[in-house]
Amino acid sequence: MLRYILRRLLGLPVVLLILVTITFFLARVAPGGPFSADKNVPPEIKANIEAKYHLDKPLHVQYGRYLRDVVTRGDLGPSFKHKDQTVNEIIERGLPVSFQLGFLAAIFAVTFGVSAGVIASIRQNSWFDYGSMSVAVLGMTIPNFVVGPILVLLFARYWKVFNVAGWEELKDMVLPAITLGLPFAARIARLTRAGMLEIVGQDFIRTARAKGLAERVVIVRHALKGGLLPVVSFLGPGLSYMMVGSLVVERIFRIPGLGQEFIESALNRDYTLVNGTVLVYGVILVVMNLIVDVVYGYLDPRIRYD
Amino acid sequence: MTFVERRTSSGRLERSTDILLDVRDLHCHFKTDDGIVKAVDGVTFQVLRGESLGIVGESGSGKTVTNMAMMGLVPTPPGKVWGEAIFDGQDLLRLGDGIRKIRGRRVATIFQDPMTSLNPFLRIERQMTEGLQLHLGLSRGDARKRAVEWLEKVGIPNPGKRIFQYPHEFSGGMRQRVMIAMALSTEPELLIADEPTTALDVTIQAQILELIGDLQRELGTAVIMITHDLGVVAGMCERVVVMYAGRIVEEATAPDLFGDPAHPYTLGLLTSVPRLDETVDARLIPIEGQPPNLAHLPEGCAFAPRCASSFDRCSDEPRLEDWAPGRRRACWLAGKPEAPRPVGTASERLRGPDETDATKPAEASP
Amino acid sequence: MTDAPEKANAVKSRGLWADALRRLFKNWMAVFGLIVVILVSSTSILADWIIPFDPSYQQRWVGAKPPGHEQLSVTNEVRVTVGSETDPRNLSTFLEGFGPDETHEISLVAHPPRELEEIWIKIYKSRKYPDRAPKVREIFFPTRRETLDELAITDPLHTLRVTDPLPKAIGDEEPEPFELPGGATFRVKKKIDASLLPLVDPERTAIEWFGTSAKLILQWERPARSENDVVRIFLRGRRIEKILMNGEPVEGFSAPGRDIEEATLDGEPMVHTHLFGTDDVGRDVLSRVLKGGQISLAVGLIATLVSVTIGVAVGATSGFLSDSQVSSASMLAGAAATMAACGIAGVAIGGSTPGAIAAIVVLVLFVPTSFVCRGERGLLGPSIGRLLASPLTTVDGLLMRFVDIIYTLPYMFVVILLMVVFGRNLFVLFAALGAVQWLTMARIVRGQTLSLKRKEFVDAAEVSGASNFSIIFNHIVPNVLGVVAVYTTLTIPAVILQESFLAFIGLTVQVDGEAVESWGALINYGLNQLEDGGGRSWLLLIPAAFMSVTLFGLNFLGDGLRDALDPRMRGKS
Ligand SMILES: Nc1ncnc2c1ncn2[C@@H]1O[C@H](COP(=O)(O)OP(=O)(O)O)[C@@H](O)[C@H]1O
Ligand code: SF4
Ligand SMILES: [Mg+2]
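Protein chains in written order, with my numbering: chain Y, 1 to 306; chain P, 1 to 366; chain V, 1 to 573.
No wet-lab data here; the hints were simulated from the structure.
Pairwise CB distance ranges, derived in the manner of DEER restraints:
(1) P:E149 - Y:V295: 32 to 38 Å
(2) V:F25 - Y:L2: 56 to 62 Å
(3) V:G465 - Y:F25: 51 to 57 Å
Beyond 10 Å from chain Y on every Cβ pair, some chain P residues (computed):
(4) E5
(5) E14
(6) G60
(7) K80
(8) G173
(9) H228
(10) Q290
(11) G300
(12) D312
In this text, all values refer to a predicted model and were calculated from it rather than measured experimentally. Built from N, CA and C at the ideal position, the CB exists for glycine as well.
Extracted from the complex, chain Y is given alone in its bound form (with noise of 0.2 Å):
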């Protein structure tokens, strides 16, 4: 196990080798340069502002010279488009409250949601059954672009229980924590029903029965974990969705978080802020899929690295 940790670690930095690397060229294949949105601007303030990101040296050199910055001091390079700000400070400032974001919302879905499907399971077939399940049905149908805006029309707008933008008190965070969740809750009930429900079948659950232990324990002890191993194994592509969701939730709730911030160098095609967010988020899923595979492996012995 260690040593398979090891090698995906030792992977990492090639991975993010070659995302720079994609992502670099990728900008700079891209018709027209990043500032020839600003017309009429006399060619001796271009040769400046050129000058000034480096812009002038051949390809290679700035590549070169972006992958050594990257490389030796973490420093992703200037914005192009909001003057006087490093990337770094930009990410510095938004991944905080992203992480904030995403993790509110991995509580949300993952209390619901496998406390919905674990009931669910128990009392098959039951108006809890149906009822929670026809929620997750609606719950993972529905973008949450559309379920948003709604909680802020109800909520926030009609009856001002919470607020419509900002991130600061709870207050803020609850809707845009249930919105991103939401879905996430909705997969993570069917999941663990049908995990459990297929754990509940087993012969060991009847073994565990027939030992005389409390259905409590039966349940949290013999099915859990096994049940729960589809939801762990969602937790991989899971986390994928939710960085996508989450470019959705922060425009909604105006939340100055990473996704604002990608979404805004996106569409003023400031590369260099586009470069290093993908590469954060690069990064993070990378991590995060190591743990999540490291944390599979231990919930199921059967399974086995090397």
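Use these hints to put chains P and V with the ligands onto chain Y, whose structure you have.
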């Protein structure tokens, strides 16, 4: 006072009232799309303390459901259980949650498939100690010590180390040994072994049966040996109950049953398997037809469509009645069933259908 | 016992689709889905005929009105045909009848365009209330230029909006006329904020146009005060050939060649019902939602159809030939087909920039190549195939690493990156969304083909000497169709969702410089229009409802189809 007749080692019939488990008129029906499946339909039998009782029958005859219904392990719905299962004076079916104090403590169960009956996600240690902690009030450490002792007793090498392994690191036979250790470690009064050897290799089967027999003698545990394999019963059990379509069709001591089967179905079972004590040339006769659909049982005797001796009375339902001292059966026949017409010898059948007819020219194989 | 299953099989295969349909119609969720899909798509397609509003037509004076709003307004169109030697200054048109708190929208279209050399717009102030002159708040010009001074039309197909008031148009002095040189059809929209303007002397408060065009079309709309409300038009000029008002010849102007000093036309008040209300600039929400539906459904359909066609062709061929040496050739053919299809799509859509082409080449080239080379061991055939493939596999290996890395990222990020780099045009969108979808399709079909190939009826066809081609198209394709149908119905909502996601976050696809507003864009717009207390909620709820219901419908239908076609369900009730 209920009593049970059994044969002593000298072959004499003797009455005993030392009844551990008294199952009376047990029913278990399942509601399915196809109708109501009468998986167990009025089963009555007794188990004496320290005795071993065999329950035999084709697969699907309701043996497992009988066991599960007694132990309150049938999921309801779709199942519905009624009747009585009096264990040491307490009706298991009316205990409610209290049955947990009996399950695993006083009645332990070993299931058919050791591959799936152990939890793959938990270490053997956890699975063995939880019962000991729960029922004997041991600490985790003491429970672990006890568990290691038991693993050693059932013949698992290096138990101190292996107890920390997961089930997938054990072979099938070893897992069944673990199951046996797990079941017996709380020293129950009754062990229900539901086809404990069916999923195992033949050589391992004998070892496991021997192990169960040894431990039973050592601990004085009563055993219900559920199996479709008459050979298993012959080697282990003092008394035998034969089930067909959710009912008991014959009950007898093992020597009586094997020497002198009273029910046509029992006879069919006996003549359809090769026996070690018979010459190779003994004819094998399979039971014709299929086991009945439990949701749509025929009127009268459930075995009638397959019964070589059936006659007009069989359209009424026969009841399980005393037939001879120490034995009961459910059949309208006045006397013993007649032996069915043989179709082939054991040795022929064992060789397989392709080679049965030696006169047939061998076909060119590709 | 022996021939019963065969008979049953024969019956089953004949009735496979009939059976599936019967099962489908028993599934009420799927039927609901089917009805919804038919309803939404037919109303969207027929929107242009059944809804009397132009989705982009603004009525600023109306503003946001809730569903069911009945708008009483005066709408008119006057077509004036004038003689050829008309002096530009001799044909002028006045529009009068402004009231308080009103905004008017008037458009002037000149035909044929080349004859329109110049247009002046003059705004007169009231003689009665000289201190309360009308104020021009906005003028929309069909140009890209931002100020009137620079009014040189570069691309008449683009609209740019001028928000500065025209100081010269207000006050005593006669406004300086500006010119719109000819060359195309112009549409001058003039919006006059009449809030400063009380009821004034109609003769003196007016907008006047001059033009040299042989035909002028004058359109205006403003709220009517009552059902008898009228707008007066005064036409002045010489040699007016014909005047049509709302398509009807105007009495008194039927004589060709007649000089007209001054004449009056009365407008007609009309009632429009906005079923789903209007947005903040008075655009009809229903027609906008249906237009959005057209776009969303079209994007979903096109991307899906492209990916299905290519996926099925490539998947079936490669699956069928998987263990022969021809497979590499077939896969290359598949790749070529893909590129050809994308190329055709690109030409058809017309937005192909070199960048977009590069994107397509990258996406489309490596995906099928990798598909060829990464398949089963025997995919390329033992000898020739491997020889042929060795340079390919090296390149493919590198490319696959590349793809693996790119796919570490969520797929939508890649699409966003591509749209940022190669521009937000339809072509890039289809390419980016379609590239992955067709690959999935090809994989599914290939798997299905491989398993079908091992079935006896294909053997039978082979033995009886049928060609590969006829086996594929007579036996395999019909049997693969089930999977394809299911996958197609499930891909459409996925693509709709992805496109709307992009539109919602602001990455709307642009055609001719204008954002194409799919449901996602409308939902975003509705969100931003929400007021405290929940006002204007219909702007959000209506597109959201349309989108959700459609997604539900498509998903239910797809699930229903899958259940109906599931072989395990076959023969069961
Ligand atoms: N949960 C259930 N629902 C419906 N039928 C069941 C259920 N469990 C068992 N049965 C039916 O009960 C019958 C007896 O099964 P079982 O006791 O397992 O047979 P045996 O152990 O003798 O092989 C079978 O026909 C089986 O289909
Ligand atoms: S009752 Fe009749 S049918 Fe049933 S076993 Fe006896 S003889 Fe056979
Ligand atoms: Mg059984």
